[in-house]
Amino acid sequence: MKSKINTRKDQVKVSKSGLLSLVASKLKGRVLFPEKIEKMKEYLRQAEIKIS
Amino acid sequence: MSNPNYSYDVEVEQTGVGLQFIFVSEGKNDIVKAIEYSYVQNLMDRQLYNLGFGDYDLETDRVMDEPVSDNGDHYLILNTVLNSIPTFFQHYPQAIMAVQGSDSKPEFIVRCKAECRRRCAEGECKKAHRRINIYRGYVDANLSILQKEYVFYGGRNDIDGQIVIEDYRKGIKYDAILVLKKDVNL
Numbered sequence: 005m006k007s008k009i010n011t012r013k014d015q016v017k018v019s020k021s022g023l024l025s026l027v028a029s030k031l032k033g034r035v036l037f038p039e040k041i042e043k044m045k046e047y048l049r050q051a052e053i054k055i056s
Numbered sequence: 023m024s025n026p027n028y029s030y031d032v033e034v035e036q037t038g039v040g041l042q043f044i045f046v047s048e049g050k051n052d053i054v055k056a057i058e059y060s061y062v063q064n065l066m067d068r069q070l071y072n073l074g075f076g077d078y079d080l081e082t083d084r085v086m087d088e089p090v091s092d093n094g095d096h097y098l099i100l101n102t103v104l105n106s107i108p109t110f111f112q113h114y115p116q117a118i119m120a121v122q123g124s125d126s127k128p129e130f131i132v133r134c135k136a137e138c139r140r141r142c143a144e145g146e147c148k149k150a151h152r153r154i155n156i157y158r159g160y161v162d163a164n165l166s167i168l169q170k171e172y173v174f175y176g177g178r179n180d181i182d183g184q185i186v187i188e189d190y191r192k193g194i195k196y197d198a199i200l201v202l203k204k205d206v207n208l
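So the sequence lines, in the order shown, correspond to chains Z and U. So the first sequence is residues 5 to 56, counted in this note's numbering. So the second sequence is residues 23 to 208, counted in this note's numbering.
In short, the hints are calculated from the structure, not lab data. Any given hint might turn out to be false.
Unchecked claim - Cβ-to-Cβ under 8 Å is the rule here; a few derived chain U residues that face chain Z:
id, residue
1, 87
2, 175
3, 177
To be verified - Straight-line C-alpha distance at most 30 Å; calculated DSS-like pairs for lysine-lysine:
id, chain 1, residue 1, chain 2, residue 2
4, Z, 54, U, 192
5, Z, 54, U, 195
6, Z, 17, U, 195
7, Z, 20, Z, 30
8, U, 170, U, 204
9, U, 50, U, 135
10, Z, 32, U, 192
11, Z, 45, U, 50
12, U, 195, U, 170
13, U, 204, U, 192
14, Z, 45, U, 204
15, Z, 43, U, 195
16, U, 170, Z, 32
17, U, 204, Z, 43
18, Z, 45, U, 170
What you are looking at is a predicted structure, and each value in this text was computed from that prediction instead of being measured. Ideal Cβ positions, reconstructed from N, Cα and C, are used throughout, including at glycine.
Let the hints inform the model, and build the full structure from the sequences given.
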């Protein structure tokens with residue numbers, strides 16, 4: 005049986021938990037959806053509240 | 023808010039603007055997804071947070087809220103997003119959570135009209151509002167159960183174009199949904 009060996013140096017295999025930690029560290033301190041915040045602000049600015 | 027056993031494992035992080043959840047969608051491909059509850063402003067003396075959701079691209083280091091990844095696990099993804107809501111309220115029990123669909127933006131409809139093969143009528147776009155409709159469908163189907171624990175409001179355009187936020191009613195085509203924990207009245 006032939007096995008395929010990945011020799012590419014730009015690819016590494018990481019576990020799911022490792023990937024989550026890596027992404028969490030890359031996203032730390034970042035606002036992910038700044039446009040959505042502005043859009044919601046604009047929406048609320050125009051909204052009339054009619055609740056019981 | 024949904025079945026907690028039918029959900030992806032998440033990495034939860036408190037951030038400067040709110041709360042972040044990261045998970046991997048394991049469908050046809052592995053896709054990193056991000057949920058963020060970001061503080062927007064106060065509404066009726068309560069802090070309002072927006073629910074944002076999108077794909078994270080490790081190569082470009084960007085989060086995009088518009089792609090439809092079609093990874094074959096949309097119920098699992100929806101459950102994971104819904105299950106993040108109780109965690110959000112554990113951190114911010116007095117807050118209001120609000121959600122709008124990224125495909126409800128006028129820019130989405132303009133772009134879709136330019137690229138889409140479907141022949142939608144003037145002023146219509148069949149691909150628009152799909153995201154908020156998923157949340158709306160879930161709330162409509164489970165409203166009586168959900169209302170034991172949460173209070174829902176819906177935002178919609180009135181006939182004169184005015185945006186109105188009102189008590190949530192089933193079957194109304196809301197373009198925003200606002201949620202707060204029960205026993206906390208506006």
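Hints, verified against the model:
Satisfaction of the interface hint for residue 87 of chain U is found here, the shortest Cβ-Cβ separation to chain Z being roughly 6 Å, below the 8 Å cut-off. For residue 175 of chain U, the suggested interface contact is upheld, since its CB lies about 6 Å from the closest CB of chain Z, less than 8 Å. Given the 8 Å rule on beta carbons, the hint for residue 177 of chain U holds: about 6 Å separates it from the nearest Cβ of chain Z. With a C-alpha separation of about 16 Å, the suggested pairing of residue 54 of chain Z with residue 192 of chain U holds against the 30 Å cut-off.
Simply put, residue 54 of chain Z and residue 195 of chain U have alpha-carbon atoms about 16 Å apart, close enough for the 30 Å limit, and the pair holds. Distance check on the hinted pair: residue 17 of chain Z and residue 195 of chain U sit about 45 Å apart at the alpha-carbon level, beyond 30 Å; violated. Under the criterion of a C-alpha separation no larger than 30 Å, the hint pairing residue 20 of chain Z with residue 30 of chain Z is consistent with the structure, at around 15 Å. As the CA atoms of residue 170 of chain U and residue 204 of chain U are separated by approximately 7 Å, the hinted pair is consistent with the 30 Å bound.
As the CA atoms of residue 50 of chain U and residue 135 of chain U are separated by approximately 28 Å, the hinted pair is consistent with the 30 Å bound. Of the supplied pair hints, the one linking residue 32 of chain Z and residue 192 of chain U is violated, its CA atoms being roughly 38 Å apart against a limit of 30 Å. With a C-alpha separation of about 36 Å, the suggested pairing of residue 45 of chain Z with residue 50 of chain U is violated against the 30 Å cut-off. A threshold of 30 Å between alpha carbons decides the hint, and for residue 195 of chain U with residue 170 of chain U the separation of about 23 Å falls inside it, so the pair holds.
For the proposed pair residue 204 of chain U and residue 192 of chain U, the alpha carbon gap of about 18 Å is at most 30 Å, so the pair holds. With a C-alpha separation of about 24 Å, the suggested pairing of residue 45 of chain Z with residue 204 of chain U holds against the 30 Å cut-off. Taken as a hint, the residue 43 of chain Z and residue 195 of chain U pair is honoured in the structure, with Cα atoms around 19 Å apart against an allowance of 30 Å. Of the supplied pair hints, the one linking residue 170 of chain U and residue 32 of chain Z is violated, its CA atoms being roughly 35 Å apart against a limit of 30 Å.
Proximity of residue 204 of chain U to residue 43 of chain Z is assessed by CA-CA distance (about 26 Å); at most 30 Å being required, the pair is judged to hold. A hinted pair counts as satisfied when its Cα atoms are at most 30 Å apart, and residue 45 of chain Z with residue 170 of chain U qualifies at roughly 29 Å.
Consistency with the previously given hints fails for numbers 6, 10, 11, 16, ordered from lowest to highest.
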